[in-house]
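Dock chains H and Z against chain V, hints included.
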Amino acid sequence: MGVLAYVLRRLALLGLVLLGVSTVVFFLLRGMPGVDPLAAYIAPGLPISQDALAALRGELHLDDPLPVQYIYYVAGLVKGDWGYSRTAAQPVLEALVGRLPATVELAVCAVVLSTALGIPLGILAALRKDRALDVAVRVVSITGISFPVFWLGIILQLVFFYYLGQLGLPSLPSRGRVEDLVALQYPLRPVTGFYAIDSLVAGNAPFFISALRHLVLPAFTLSLISLAAVVRIMRAGMLEVLRQDYILLARSKGLPLHTIVVRHALRNAITPVLTTAGTTLGILLGGAVVVETVFSWPGIGRLAAQGILNNDSVLVVGFTLFVATMMVLVNLAVDMLYAVVDPRVRY
Amino acid sequence: MRLARLLSVLSALALIAVAAVPAVAAPPDTLVWDIAAGPQYVDPVMGTSAQANVMVLQNVYERLVWYDGADTQPIPWLASGWEARDGGRRYVFKLRKGIKFHDGSELDATAVKFSFDRAVLIDDPTGIGSFFPTGTAAPGILKGAWEFSKSFGVGKDYSQAAVDRYMAVGAVKVIDASTVEFNLAQPYGAFLSDIATFMGSIVSPAYAISHWTKPADPARGFIPGVTAGQRDERMLYFASGTGPYTLETFDKATANVVLKANPGYWGGPTGKIKPRLQTVIVRATLDQATRLLNLKSGSVDIADISTAAVFDVIDKKKWLDEGKIEPIVPGVSVPGPNPWLTIYFAKMNVKMKNPDGSPAAFQPFQDARVRRAFASAVDTADIRRNVFNGFAEATSWGLTPAQFGYDPKVKAGYRFDLEQAKKLLLEAGKDLGFGPDKPRDLVIIYNAAAPWQSYIATQVASNINKLNAGLKLDVKALSFAEYVNSWRAQLTGFSVHSTFSLTADPNPWLSAFGTSAGFWARTSSYDNPKANDLYTKQFQALDPRQRARLISELMQVVNDDVMWVWIGAATAYGQPTFNPNVLRSSVKGFYYNPTYQGFYFPALWKD
Amino acid sequence: MGAPTAKIGAAVRRLWQSKLAAGALAVFLAIALAGAVAPLLIPRSVVRDVTFAAKLTPPSGRHWFGTDDYGRDVFSLVFLAAHLDLRASLSVVATALVIGILLGALAGFVKRLDEPLMRITDVFLSIPSLVLAMAIASVLGRSIENLSIALVFVSWPIYCRLMRGQVLTEKEKPYVRALATLGVGRARLIVRHIVPNTLFPVVARAPADVGLVLITLAALSYIGFGPGPYVPEWGSLVAAGQAYIFQAPWLVMFPGAAIFLTSLSLNLLGDWARDVFDPRLRS
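Protein chains in written order, with our numbering: chain V, 47 to 393; chain H, 44 to 650; chain Z, 801 to 1083.
The set of hints was computed from the structure by calculation and includes no laboratory data. Hints may be right or wrong, so weigh each one.
Here are a few chain H residues that face chain Z, going by a calculated C-beta distance under 7 Å [claimed, not checked]:
id : residue
1  : Ala332
2  : Asp425
3  : Asn429
4  : Thr501
5  : Gln502
6  : Ser505
7  : Ala520
No farther apart than 25 Å at their CA atoms in a straight line, the calculated lysine to any residue pairs in the SDA-like style are these [unchecked claim]:
id : chain 1 : residue 1 : chain 2 : residue 2
8  : V       : Lys175    : Z       : Leu856
9  : H       : Lys199    : V       : Gln212
10 : H       : Lys317    : H       : Ala113
11 : H       : Lys339    : Z       : Leu856
12 : H       : Lys360    : V       : Gln212
13 : H       : Lys339    : Z       : Pro858
Glycine is no exception: its CB is placed at the ideal position from the N, C-alpha and C atoms.
Pulled out of the complex, with its shape left as it was, chain V reads as follows (with noise of 0.2 Å):
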């Protein structure tokens, strides 16, 4: 069986996954008993007239049956229209498009942290085992899955921003992704959205940095999340190829041990990290929805946060289907590379 017939049956199989995300968000959208499926088009408090009124009702085909909507939306989904946001005073697509670079900036960020921290920290505390090292990093990566994020968010603007400017020690931004001041006056014309590369790429350094200072509060934050799951996995699955015969074998002809972490048992230990990557990302995208509102971060989660203030089902919903479309591409590039990497995962 080749590559490609296998990629072909994932796709197929992540395309039914992503029609039923349709349809619940659909059900949600349209099919709920007792909401009025015009109420989130209609911003509260404000006239409408009936024209208006029947217009949108026309365009949204709500006098056809529930299946025959489910076609139009579907085929809307398909052609791009997902919808208009009051919120966002644009279409929803297009909105979440926008503040996408924003929100993978961060997660990215906080990938790496994660990734970066956990990863050694899960290695030493396998190598360690039982001993104080290993109690504890098992404590704190306990405490990590047992801190509120928003609460850690908080704190850490408390500490970083607020204590050290008032001792007037250098201190972290708490708010958006750059310094307004710095943007005015170093202009930076976004092109992938990414403002440490774009900045890094026209040579801005102010906005380079300022960027940069920006991030650090914000990706520390979310990346607690996953750095308690990655810690805990990377020790379980170190443990697990510690205990290998040819492990055995290689300390036994007296090879140093960190040569054989690196080079024989990390490779083996990291891929229980890669498949959870799917999961993960979810985590960091519901993360993100927290972290983005405690620092002001104009993200997609941030943007999902204002339209549920302002009762604008349209956006929330779109941002459920955008998040799990999302995450079953990466799953899918997660897929395909294992089935690159393993043979044995194509049967």
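Positioned in the frame of chain V, the structure of chains H and Z alone reads:
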């Protein structure tokens, strides 16, 4: 592991390096202002709810008359003089010569006519439509404006015929290149102070016309540069006026504004006004804490600090107990307290409606005893001291004590007295069908985005519930849109509000609270023909003393009806239009003028 | 095999031995107890009364956790919120457990239902839980009840899959085949033998899940689904306190610490429960 240790050391170093970047400070000829919310528009015909809008307008555009320094008497500004004729129905202004707009075109009578015509023709729903309509008692100011706008009604007609009809009335006439005539719908004593506000801004017709295109819809009326009933997309975000500053940039996304000194500025009536600050950067910084820290670190020169957070900047005991403003942050000055055109009040609705529009079955506020009882249950002194942190003064009516016509001798119809409230409620309950044994529910609403409203509503509800007199109050938070809809559709009986006046003249509030078609009175179904009559009389009075007498009478008549609970008139520091501001001590030249709508930057400089 | 009672007995002994888990249980029970009695001991007027003169005072002898911007006692608010949050989280997990177990068992026993049920859980699991809960709650409207409903929708799929997996494995075990050959009826097999042995690993996830649901509930409340200032809830207390965080950090500290402590004790209990009841996960 060595690698892990190396990584952690490197990242720690990076963190330190990144955090150690010092804050960017501004050079001495540049002023940076951290504002709580940036401008929405910079077109003077838009009614505005943002401090930043008016502040920009005040420095970029100018008016026919304005104020000299801290004085509150209007003097000729773009005009060199004026004459009132026909008992105040006609004003003729002579214009100064040689004044240029930012785009280089000349100021002349055509420009003045254009500015006022577009204000009427654009007829924006947020805006000044028929140029200060103040109720059916005094329909509009400029002749024909009311008929064109029909502000409170339906059926707007923006056809060419309607436009031509309005233009034919000749509300504003060009007599010659430097003489312009205004024809008013009726004698109006406050005309000069009204056109001295941003609403009287003179806009460059050349600029507006060059960026305007004819409307695509053939049925839509227009004059060159103005499409009837439609906002001008260009003028919303760009400006060309005669003022001492030009609008260099206005970033819609971040709401940041950069003003640059106008090198060709005519110098004002004395010819001596010359901006010393070359650049003014106004940036919207939403977070209070950030603004405060920026102020402390010196990276901004002015910062908006809300009264809720004022004790971060001034000493609490000294202010609340001794009334002295003493900054606790070094290098900062807190001018004030100054009267501020904002009134806090509670409103009672005598005709509550159901969501479908039908009158509600239970109408407690129709009974004056219930109204008086509620008014007696609001501890306004406590609210002024603890909710507004002392930055509100007691007021006998819906005017600030600094305004013309305010009369401290006017008596309120109530006093804070819970015993009295209980007595009144028990009495009224007997006739209205509620009592301690058969309590009835009532809801007070507030705007979820305004915590101060929540405090007041909670206090009133708690006080009334403790009386155990038969009314059980619940407090509900509504989103802004729902809150507005709730009192506009008269769904609620008791609600808390603040109101801001665009002009220092008392007319808008006299009308809003006193006349049956007034903005607030309308949604309370308040109708007292005597009040209506007094309002019209004072509106038309040209003699200030007579006008003051009539205003006092009107205020007493309205207070006797106990429709409103006057919680307080806001005072603040700095030059607030919506947000009080704190200055660094290096900013000099500030003076307070109650008619100003935000800072006047030519007056300021930095040490 | 082994009778369920013996298993529980062993578990209790393990608990006693693991001081950490015992400590966690003690903390959780203390908070739960406090939350349970809070509405009985604290008068409702605490939530509705304003004492502006006492607003934003730091923790003192009179107000152990300080006062908020209405002048209300934060200690009372935090414990009233404990009642609401714990009740909501526990009921969400209990409901999700029941639904998940029933459907999972169905999937395990009825082959025709297996595939469709698994596809459905696939769909639900492909959306991050916070995001899905947000979407459901935003359509239903902002209230704790709707949030709870949304969280039930988000939580049941995991239990369903777990239960199904457990049932499938248990069905193939030798003792089941043996009993079947001996003539024990299918229904009796399921009820008396299979289900009790499969339940434990699934239920073992519950404590940690309560912690997760609690944090998700608080997070949703924080971003805007909160029930308003008159219904104390830990997440919305933090959100309300954030406006005054620099003047009055205690408004944010105490509710946040409450969430943290509760969630930590639940996670420790969950770890212990999994260690005891789910042998596969033992390291």
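Each hint, compared with the structure:
1. Ala332: Holds, about 5 Å.
2. Asp425: holds, 6 Å
3. Asn429: holds, 3 Å
4. Thr501: With a closest approach of 5 Å, the H:Thr501 hint holds.
5. Gln502: H:Gln502 check passes; min Cβ-Cβ to chain Z is 5 Å, inside 7 Å.
6. Ser505: At 5 Å from the nearest chain Z Cβ, H:Ser505 passes the 7 Å test, so the hint holds.
7. Ala520: holds, 5 Å
8. V:Lys175 x Z:Leu856: Roughly 48 Å separates the two Cα atoms, so the pair is violated.
9. H:Lys199 x V:Gln212: violated, 56 Å
10. H:Lys317 x H:Ala113: holds, 17 Å
11. H:Lys339 x Z:Leu856: holds, 23 Å
12. H:Lys360 x V:Gln212: OK: H:Lys360 and V:Gln212 at ~22 Å, within 25 Å.
13. H:Lys339 x Z:Pro858: holds, 24 Å
Going through the hint list in order, the structure does not satisfy hints 8, 9.
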